Amino acid sequence: MDPKKSPATQEMLGQLEKIQKASKPDEVHALVDELEQNHFFTDGNLETLEMQREVRNKIDHLLGNIKIISNDRLKGRIESLHQKLGEMIGAKEKRMETPPPPPSEEEMEEIEEEMIEESIPKTVQEATTETEGALQAETENLSAEIEQSVAIKTDQEVVRETEETVNPGMILLKRTLKNPDDLGETERDTKDPTMVALVQLMKAEALWPNGKKFDQDKFDGLSALLQSSEKIPSASQAKKIKEARESGVQTSDDMDKKIFELEEKADKIEGEIETLNGQIAQQTTIMQSMRGQVKPEDKKKLEELNEKLTKEKQGQRELKNRLKIYKEVQPFFGGNKLSPRQLLLKVMQFTQGEEKDLKNLGERADRLVSAQERQMAPESKWDKISRFVKPSLKATLGELSKTEELKDLKGEELETLAGLSGNPDGLAVWVGKLKENAKNVVPVVMAYLQMTIVDGKLNIISRGRAMELLGNLRKIRNKLITKKVNGNPDLLNAKPQVRMQAYLNEMNAWDEKSVQLNRNVIDDLVMKSYASKASKAIVGGVALGTLVPWIGLPAIGSAISYLGWGTLAKIGLVGAHAGGKKMIKAFAPEAESAYGHTITRMTGMWLMGPIGLAAPELIKGLKFMFEKRKEIREGAIKTGKVASATAGVSWAITKGAGKVLAWPFKKAFGKKAA
Amino acid sequence: MLKFEFENYVATLMEAMEMNLAPIEVQQDVTLQLGRQLGYRLMNTLTLNFGDGDWAKLAESPGLEPMEMLLEGAIERNPSVKSAILEELDGFYNETLEAYNTFKQSHT
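Chains as they are written, first to last, in my numbering: chain W, 153 to 826; chain V, 173 to 280.
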């Protein structure tokens with residue numbers, strides 16, 4: 153027994169020895185039961201740190217050494233004792249650390265002065281109140297300004313403003329009510345066939361003074377009807393409506409969407425403010441617990457948090473004001489608004505007397521509007537097409553429409569052919585190329601459409617639009633084929649089943665051509681797009697270090713398969729652009745058309761070039777290689793060096809950076825090489 | 173399931189066109205041509221859903237069997253493409269019958 157150890161410690165160590173020597177789990181469990189009641193594990197203040205540490209060491213020894221502890225439950229109990237003891241020791245050690253000395257009187261005075269003088273962050277309450285006050289003052293000033301600016305407008309100006317901001321139907325209404333002669337101006341100025349139909353109707357019904365007979369009573373009745381169904385905004389509302397329209401809100405759907413977006417933003421700001429409040433409160437608490445010894449970084453953090461809060465609150469206030477305005481003028485964007493068509497229906501309802509069936513009225517209104525559309529200058533349709541189609545294509549299509557195959561196509565079907573364009577250049581090229589052979593136009597255009605379906609990925613035309621046009625074009629194609637089959641003298645007396653056979657054969661022949669054309673066109677367009685993307689990536693500096701070798705290596709792989717290492721090395725030694733060309737001509741003239749241009753540029757760049765200078769050359773080289781892919785493929789197969797060519801390609805592909813750029817190589821080599 | 177539906181589809185279309193009235197060689201050729209045309213049609217459907225890889229394979233060897241395998245694979249990858257395929261099949265069915273009726277009327 154060690155006299156330096158307390159009796160309790162000695163007893164504890166004795167019990168732990170018993171555990172060490174115990175052979176049965178039940179014995180150990182009983183001993184652990186006793187230990188758990190011992191003050192070593194219930195009150196850390198009763199023993200010295202030294203004694204506590206000694207007991208803990210003994211338990212460590214037990215945990216590492218005796219067999220009986222392999223029993224999980226026993227082990228768990230002893231580990232638990234170990235942990236409890238460890239926590240008590242830790243707490244005691246912490247209490248026994250020397251606290252920092254309190255600040256001197258002078259230091260305290262300095263701190264207090266700092267707290268008074270500098271902008272020590274205010275409490276959340278104070279900051280908020282101050283901000284709110286400032287914003288309130290600003291809002292009041294702004295409101296006064298708006299009111300003042302509105303007040304100086306005359307009544308006429310306000311009315312005009314109201315008309316302009318609400319809807320064109322209102323323009324018509326106001327003009328009709330105030331000055332019926334203005335209706336003529338509407339008819340002249342508008343391009344809206346519904347408005348024109350409305351004016352024509354009012355003329356026909358003598359509701360317009362320039363009609364044959366002007367019926368004042370009828371006019372007054374209609375005016376009252378229209379006026380009663382229309383809500384007219386006030387001058388300040390008119391200004392708000394105008395502002396809303398200028399921000400992009402045109403229809404009631406737009407308004408609903410806008411309000412929804414703003415409400416969502418408001419919720420988000422609310423969340424941000426809550427978070428900031430929480431952070432400020434936390435920071436304030438931390439600083440308060442420091443008993444006046446506030447660290448500069450803590451002060452700064454609190455300042456920053458308050459600044460953020462002020463900003464968020466300001467944003468919230470602006471958002472709320474805006475929402476308020478939008479909600480106020482929301483009714484004027486829907487509900488009571490009369491569209492030109494609604495006006496037309498109202499006038500028809502008024503003038504048709506007993507005609508109450510709105511469905512019939514609607515159909516008649518549609519017929520009126522269609523009649524106006526037909527009467528409106530035919531070139532308006534071509535004007536629309538011309539926005540997308542070059543004059544040369546328009547002329548080409550005009551000529552084509554006179555050909556035997558296409559002359560019986562309706563306007564809409566021709567428009568389909570012409571209006572395909574998201575890419576007028578592409579279509580013009582294809583149609584221009586086959587100008588002399590009109591019957592090939594449809595398959596070409598179908599190929600173009602199919603291409604554009606793929607190119608929907610490249611944002612040339614939307615899928616939906618492409619599918620719609622493809623459907624139209626199929627109808628044209630079907631019509632032409634049916635006509636051809638029926639007009640075939642060999643099939644004059646043929647059964648319908650035999651004609652179906654001819655029909656399907658013709659259809660497939662056209663589609664096969666489309667597929668062939670499709671491939672080339674897709675390849676071309678995709679290549680352009682990828683080259684463009686690659687160019688941007690290169691110019692943007694993305695993966696410049698790795699990109700060039702991955703482009704160069706496939707090119708070199710192909711060159712090796714065609715030219716051989718020797719020639720390539722000679723070219724490489726020269727390196728320079730012009731010199732390489734000469735070398736190609738000297739050593740492998742047959743390669744010049746297939747590779748020379750590309751290899752010269754690419755090899756030269758790879759050996760020499762700063763990447764930035766190489767970028768445009770890279771793209772040209774890539775494009776050239778792609779254009780010559782057939783020759784490359786044939787050359788590779790001919791020389792039997794397909795493997796090395798595809799190895800180069802595979803390398804590029806597997807390295808990932810070449811995935812996009814390797815696509816054309818894969819298309820050129822992959823199928824045959826496999 | 174798709175294979176079964178596809179065979180039924182072609183058979184139904186042939187029946188609707190009263191192909192039993194035609195010589196056997198005509199029937200055989202029409203079956204083949206129907207398959208090819210469907211291949212081209214479904215090419216677009218697959219292109220829209222998967223890109224250019226699948227249509228390229230289909231275009232190389234149009235015919236019933238490879239097309240069925242391709243479609244089954246496509247549906248496995250994206251089950252929602254089945255509705256697009258069936259829509260295309262419906263469209264073709266109606267167009268084909270319309271053409272047949274035109275020929276039938278002009279024949280009588």
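Simulated from the structure, these hints should not be mistaken for laboratory data. Hints may contain errors.
[As the list claims (entries may be wrong)] Below, a list of computed lysine-lysine pairs in the DSS-like style, where the Cα atoms sit at most 25 Å apart:
| # | chain 1 | residue 1 | chain 2 | residue 2 |
| --- | --- | --- | --- | --- |
| 1 | W | Lys-476 | W | Lys-394 |
| 2 | W | Lys-409 | V | Lys-276 |
| 3 | W | Lys-244 | W | Lys-173 |
| 4 | V | Lys-276 | W | Lys-635 |
| 5 | W | Lys-636 | V | Lys-254 |
| 6 | W | Lys-647 | V | Lys-276 |
| 7 | W | Lys-465 | W | Lys-410 |
| 8 | W | Lys-647 | W | Lys-636 |
| 9 | W | Lys-476 | W | Lys-465 |
| 10 | W | Lys-392 | W | Lys-498 |
| 11 | W | Lys-465 | W | Lys-420 |
| 12 | W | Lys-409 | W | Lys-392 |
| 13 | W | Lys-392 | W | Lys-453 |
| 14 | W | Lys-479 | W | Lys-420 |
| 15 | V | Lys-254 | W | Lys-631 |
| 16 | W | Lys-409 | V | Lys-254 |
| 17 | W | Lys-479 | W | Lys-392 |
| 18 | W | Lys-420 | W | Lys-453 |
Keep in mind the model is a prediction, meaning the values are calculated, not measured.
| said: Can you confirm whether the C-alpha distance between Lys-647 of chain W and Lys-636 of chain W stays at or below 25 Å? | reply: holds (15 Å)
| For the pair supplied as a hint, Lys-409 of chain W and Lys-392 of chain W, is the alpha-carbon distance within the 25 Å limit? | The given pair, whose Cα atoms are some 17 Å apart, holds under the 25 Å limit.
| message | Next pair to validate is Lys-647 of chain W with Lys-276 of chain V; report whether the Cα-Cα distance is within 25 Å. | response | With Cα atoms ~8 Å apart, Lys-647 of chain W and Lys-276 of chain V stay inside 25 Å; holds.
| said: Does Lys-254 of chain V sit within 25 Å of Lys-409 of chain W, going by the straight-line distance between their CA atoms? | reply: violated (34 Å)
| task | Below or equal to 25 Å on CA atoms is what counts here, so check Lys-465 of chain W against Lys-420 of chain W. | result | holds (12 Å)
| query | Are the Cα atoms of Lys-392 of chain W and Lys-498 of chain W separated by 25 Å or less? | reply | Violated. Lys-392 of chain W to Lys-498 of chain W sits at ~28 Å, over the 25 Å cutoff.
| said: Holds or violated: Lys-479 of chain W and Lys-420 of chain W, Cα atoms, limit 25 Å. | reply: holds (19 Å)
| said: Checking one constraint from the list: CA of Lys-476 of chain W to CA of Lys-394 of chain W, max 25 Å. Satisfied? | reply: holds (15 Å)
| said: What's the verdict on Lys-420 of chain W and Lys-453 of chain W, does the C-alpha distance respect the 25 Å limit or exceed it? | reply: holds (23 Å)
| said: For Lys-254 of chain V and Lys-631 of chain W, compute the direct alpha-carbon distance and say whether it is at most 25 Å. | reply: Violated, because 29 Å separates the two Cα atoms, which is more than 25 Å.
| said: Can you confirm whether the C-alpha distance between Lys-244 of chain W and Lys-173 of chain W stays at or below 25 Å? | reply: Status violated; Cα separation ~31 Å.
| query | Given the hint that Lys-392 of chain W pairs with Lys-453 of chain W, does the C-alpha gap stay at or below 25 Å? | reply | Roughly 41 Å separates the two Cα atoms, so the pair is violated.
Checked against the numbered hints above, the structure violates hints 2, 3, 5, 10, 13, 15, 16; every other hint is satisfied.
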